[in-house]
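Peer 1: Starting from the given sequences, assemble the full structure and let the hints guide the process.
Chain residues, written in single-letter form:
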Amino acid sequence: MKIVTLVKHVPDATADRTFNSADNTTDRAGVDGLLSELDEYAVEEALKVAEAGDGVEVVALTMGPDGADAALKKALQMGADSGVHVVDDSLHGSDAPATARVLAAAIGKIGDVDLVLTGMASTDGGMSVVPAMLAEHLGLAHVGFVGELTVSADAVTARRDGDVASETIEAALPAVVAVTDQINEPRYPSFKGIMAAKKKPVETWTLADLGVDAAGVGLGAAASVVREVTKRPERTAGTVVTDEGDGGVKLAEFLAAQKFI
Amino acid sequence: MGEVLVLVDHVDGVVRKTTLELLTLARRAGEPAAVFLGSGFDAARDTLGEYGAAKVYVVEAPEFEQFLVVPKAEALAQIAQASGAAGVLVTSSPEGKEIAARLAVKLGSGIVTDAVDVAADLSTTQSVFAGGYTVTAQVTTGAPVITVKPNAVTPEPAPATPAEEKVAVAFSEAATKARIVERKPRAATGRPELTEASIVVSGGRGTGGDFAPVEALADALGAAVGASRAAVDSGWYPHAYQVGQTGKTVSPQLYLACGISGAIQHRAGMQTSKTIVVVNKDPEAPIFAMADFGVVGDLHTVLPQATAEIEKRKG
Numbered sequence: 063m064k065i066v067t068l069v070k071h072v073p074d075a076t077a078d079r080t081f082n083s084a085d086n087t088t089d090r091a092g093v094d095g096l097l098s099e100l101d102e103y104a105v106e107e108a109l110k111v112a113e114a115g116d117g118v119e120v121v122a123l124t125m126g127p128d129g130a131d132a133a134l135k136k137a138l139q140m141g142a143d144s145g146v147h148v149v150d151d152s153l154h155g156s157d158a159p160a161t162a163r164v165l166a167a168a169i170g171k172i173g174d175v176d177l178v179l180t181g182m183a184s185t186d187g188g189m190s191v192v193p194a195m196l197a198e199h200l201g202l203a204h205v206g207f208v209g210e211l212t213v214s215a216d217a218v219t220a221r222r223d224g225d226v227a228s229e230t231i232e233a234a235l236p237a238v239v240a241v242t243d244q245i246n247e248p249r250y251p252s253f254k255g256i257m258a259a260k261k262k263p264v265e266t267w268t269l270a271d272l273g274v275d276a277a278g279v280g281l282g283a284a285a286s287v288v289r290e291v292t293k294r295p296e297r298t299a300g301t302v303v304t305d306e307g308d309g310g311v312k313l314a315e316f317l318a319a320q321k322f323i
Numbered sequence: 002m003g004e005v006l007v008l009v010d011h012v013d014g015v016v017r018k019t020t021l022e023l024l025t026l027a028r029r030a031g032e033p034a035a036v037f038l039g040s041g042f043d044a045a046r047d048t049l050g051e052y053g054a055a056k057v058y059v060v061e062a063p064e065f066e067q068f069l070v071v072p073k074a075e076a077l078a079q080i081a082q083a084s085g086a087a088g089v090l091v092t093s094s095p096e097g098k099e100i101a102a103r104l105a106v107k108l109g110s111g112i113v114t115d116a117v118d119v120a121a122d123l124s125t126t127q128s129v130f131a132g133g134y135t136v137t138a139q140v141t142t143g144a145p146v147i148t149v150k151p152n153a154v155t156p157e158p159a160p161a162t163p164a165e166e167k168v169a170v171a172f173s174e175a176a177t178k179a180r181i182v183e184r185k186p187r188a189a190t191g192r193p194e195l196t197e198a199s200i201v202v203s204g205g206r207g208t209g210g211d212f213a214p215v216e217a218l219a220d221a222l223g224a225a226v227g228a229s230r231a232a233v234d235s236g237w238y239p240h241a242y243q244v245g246q247t248g249k250t251v252s253p254q255l256y257l258a259c260g261i262s263g264a265i266q267h268r269a270g271m272q273t274s275k276t277i278v279v280v281n282k283d284p285e286a287p288i289f290a291m292a293d294f295g296v297v298g299d300l301h302t303v304l305p306q307a308t309a310e311i312e313k314r315k316g
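Just so you know, the protein sequences line up as chains A and B, in that order. Note that this note's numbering gives residue 105 to position 43 of the first sequence, counting from 1, and the numbers run on in steps of one. Note that this note's numbering gives residue 88 to position 87 of the second sequence, counting from 1, and the numbers run on in steps of one.
Keep in mind that the hints are not guaranteed to be accurate.
Capping the alpha-carbon separation at 25 Å, the derived lysine-lysine pairs in BS3-like fashion look like this [unchecked claim]:
| hint | chain 1 | residue 1 | chain 2 | residue 2 |
| --- | --- | --- | --- | --- |
| 1 | A | 254 | A | 110 |
| 2 | A | 171 | B | 107 |
| 3 | B | 275 | A | 321 |
FYI, nobody ran anything at the bench for these hints, they're computed from the structure. The structure displayed is predicted, hence computed values, not measured ones.
Peer 2: This is how it looks when you write it as structure tokens:
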């Protein structure tokens, strides 16, 4: 069985993230990047499937500029077998539909993929639409928002907890599955894992390698544009009181003054 | 002005409030046309008309309940193409985003997710980077596919008598690949739905696992209950109630954070709340920096006192 896990290199969410002023794209240079935290759950789930079965291969796939291979490195250190980095200057500013198209082409080139595991969203754009778009391009089932997963030789069974109901889903392989942060506890790379990762193969593919037309991707071909970016004004801290036996009453007084009661 | 399609979010014909918000937004940009998929339309007809649906497309098929989102995406794509829709609005829920994602690919359209406002030209406003930035965006290719967050607008009635059109859809082989084998409705709490509530009371690590004071305050205020990731990860409250980057994003009129320190993970889910009230015994907790009103104190004494005072004032 071959599992591809999608890993995205994103600006650190705890840093002061911003936009490139020239074209309103995410600033990926001015802020330290790392593997999107939510993708660690997908890597972990892939590794759990690999450890439970024989002959399971885990390929980590990323698309992003130079430096995005740091996300691959983390996945390899955790235990993925190999990595693929799709990098091409034409990709700068690609929107979600173009990203999904390129990733679908890369998965086609990897070949014989049984299962694609992804996080529920990236921690930068956070649209969480790429997995379903990818499945649409590949003509596969997609199960998103998965909190519990069982993988057999030819199918997946998944539980997802929605707003109004908890559902159990069955889908034949190949399939795309997006997992939440409830599904497992991602491992930290061990020293052995970090050393082993240095010897693992990483391939670098361009759009030409994938047979994708550069004119159809990137900022110029994006099907939506960001017109304006405004930094939200910092919230100004209001009144803070220390509870001296009447904190609850003061809280209620504030709510009443604001007409919430 | 063309039709702006609104995918109706409903449970057996009971229309959710977010759909009424979408109809209100759709009116700005064109003629609102509701798309009702599944059974129970008789229960939904009057509500959709009351909120201004000029037209309703109804598709009844067992596939909608039997399989994950693809049948819905296919039906919506067929209607959007046949009607030459100017745009499609869908609720920003996990399911709504999955439908919208597939729809955008099928239509070759651009997509915007998590809009907090939609203008007459179908340009959108979103809050990004954990609420740190506001961006405006516009789809430039195809009929815009837009998912809209709950509470983006107050639903405004605009009574109409919708023309009804029953549509038959032939599903593709791809539509039946993810089968729903079991569906357990969540037990009703009697509280408003988290993302739709105008007041949310959330508890975190500071509850020590005891959510009773949080729930009591929520009930006194008619609020929904939320939880921080720390509380959910500790098994104290179900994940469905998690507020934050990996849970729900809420934007209520009033948000009360109780025993929550205010990590970026949590702030991402509540930063756009109108008024923020904090109760935390640690005066250094970062969440105080964004509080309109804060109490440094133990939530286990402050909340019950506040609850009692609110009950007293309500008489």
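Peer 1: Next step is simple, just say for each hint if it's right about the structure.
Peer 2: The hints, checked one at a time:
Taking the CA atoms of residue 254/A and residue 110/A, the gap is about 18 Å. The hint holds against a cut of 25 Å. For the proposed pair residue 171/A and residue 107/B, the alpha carbon gap of about 23 Å is at most 25 Å, so the pair holds. For a cut-off of 25 Å, the pair hint linking residue 275/B to residue 321/A stands: about 13 Å separates their Cα positions.
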